[in-house]
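Numbering-wise, the UniProt record's numbering puts 270 at position 270 of the sequence shown, and it's gapless, one number per residue.
Please keep in mind that the hints were generated in silico from the structure rather than gathered at the bench.
We treat Cβ as the ideally placed atom computed from N, Cα and C, and that holds for glycine.
Honestly, I wouldn't trust all of these hints.
Unchecked claim - Simulated pairs of lysine to any residue, SDA-like, Cα-Cα distance not exceeding 20 Å:
id : residue 1 : residue 2
1  : 166       : 190
2  : 166       : 319
3  : 138       : 97
4  : 248       : 226
5  : 57        : 127
6  : 165       : 300
7  : 57        : 86
8  : 195       : 35
9  : 226       : 141
10 : 56        : 128
Said to hold, decoys possible - Label-pair distances were calculated between CB atoms; the ranges are:
id : residue 1 : residue 2 : range
11 : 248       : 138       : 31 to 39 Å
12 : 235       : 176       : 28 to 36 Å
13 : 70        : 321       : 20 to 28 Å
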Amino acid sequence: MGDLEDLEVVLKKNNLKKVLGSGSCSGLVKVLPNNENLYVAQDTWSGYNSMLRILKKYIFSFHTAMNEGSPVIPGHTSTFSSQPGLIFSQDDFYLISSGLVAIETTIGNSNTSLYDFVTPEGTILEWQRNIIANRLAKDGRQWANLFEIMNSGTYNNQWMIVDYKKFMPGKPLQDGLLWVLEQLPGYTHSEDVTKLLRDQGYFPSYNVAYFPDVFNLSGAQINAQKYGDWFTYDRCPRALIFRRDQGKVSDVPSMIKLMRYNDYTNDPLSRCNCTPPYSAENAISARCDLNPINGTYPFAALGHRQHGGTDMKLTTFDLFQNMEFVAFGGP
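Kindly produce the complete structure, drawing on both the sequences and the hints.
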């Protein structure tokens with residue numbers, strides 16, 4: 001859905017497809033012990049009607065100016081996951097010739113008053129700003145600066161921009177290696193969070209804003225007060241699962257295992273105030289189709305839906321040198 005999901009709300013369309021609490025993707029930036037390697041991975045969460053996927057490689061030798069001899073743009077080549085008929089990813093997993101990897105998970109917006117900032121004048125849709133930033137940016141800071149220009153306030157995501165130029169195996173992590181940008185209508189917050197990556201060895205993403213100002217402005221705090229920890233940043237199920245299990249990652253197979261993980265009937269972190277007392281939404285890769293259709297749930301995202309994790313993509317320092325990544329299709 002992307003931009004259209006928010007535009008439906010703005011235009012007051014009937015039969016809205018938006019579901020309270022509905023997740024769209026899990027992401028993880030993981031540094032191995034002793035800075036041995038750097039992994040970047042993302043699961044798409046979507047309706048199962050979107051499972052027809054294509055892995056694409058675009059090479060466009062555009063120049064930075066019209067004059068002869070101007071340099072080629074930094075992001076002249078990109079590899080990414082996509083679908084037929086799209087010129088962008090939409091689930092947003094990009095490896096770029098500039099040395100950057102760009103991924104996101106959707107944080108959404110529950111503060112309807114912010115939609116007053118969504119106007120047709122002076123804005124560019126999210127997918128277009130994404131392409132512009134991918135092609136022109138040389139580093140994470142520049143990517144964020146480009147992306148936030150003419151913010152449409154639609155498809156409100158948490159972006160993670162990893163700069164592999166700033167990573168060398170076994171060496172200290174350089175400032176600027178990981179930038180995070182979060183967008184809401186009329187507002188963006190971006191910051192270099194490499195220090196957090198140094199301190200805890202990973203940065204997870206699971207559809208909840210990391211920056212407190214974005215979290216509060218988005219209405220997430222009100223949802224947390226009404227529905228509990230499920231809507232919080234540090235106590236929701238995926239936050240707890242990532243915290244518990246990220247330390248088990250030692251190689252590509254163990255990273256894949258974590259990103260494909262769902263043991264909702266046995267994992268205590270998948271439990272909820274539901275009947276039955278767990279939900280397949282509460283996992284790194286959701287399987288909401290497995291929730292019983294006659295179950296009872298406090299809000300729709302925990303219940304039965306044709307929705308879940310539809311893929312997994314992962315790159316490493318070595319794979320990125322050839323702009324390659326590992327991909328799995330299907331739940």
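To see whether the hints hold, each was checked on the structure:
Between residue 166 and residue 190 the alpha-carbon distance is near 18 Å, which keeps this suggested pair within the 20 Å criterion. For the given pair, residue 166 sits about 16 Å from residue 319 by alpha-carbon distance, which is consistent with the 20 Å threshold. A threshold of 20 Å between alpha carbons decides the hint, and for residue 138 with residue 97 the separation of about 9 Å falls inside it, so the pair holds. Among the hinted pairs, residue 248 with residue 226 is inconsistent with the structure: their alpha-carbon atoms are about 34 Å apart, more than 20 Å.
Among the hinted pairs, residue 57 with residue 127 is consistent with the structure: their alpha-carbon atoms are about 17 Å apart, no more than 20 Å. With a C-alpha separation of about 42 Å, the suggested pair residue 165 and residue 300 falls outside the 20 Å cut-off, and the hint is violated. Taken as a hint, the residue 57 and residue 86 pair is honoured in the structure, with Cα atoms around 13 Å apart against an allowance of 20 Å. In summary, the hint linking residue 195 to residue 35 is supported, as the alpha carbons are separated by about 13 Å, within the 20 Å threshold.
Between residue 226 and residue 141, the direct Cα distance comes to roughly 36 Å. Violation of the 20 Å bound is thereby established for this hinted pair. With a CA separation close to 17 Å, the supplied pair residue 56 and residue 128 stays within the 20 Å bound. Between residue 248 and residue 138 the beta carbon distance is about 35 Å. The supplied range of 31 to 39 Å therefore holds. Checked against the hint of 28 to 36 Å, the pair residue 235 and residue 176 passes, with Cβ atoms roughly 30 Å apart.
Our hint of 20 to 28 Å for residue 70 and residue 321 holds, since their Cβ atoms are close to 27 Å apart.
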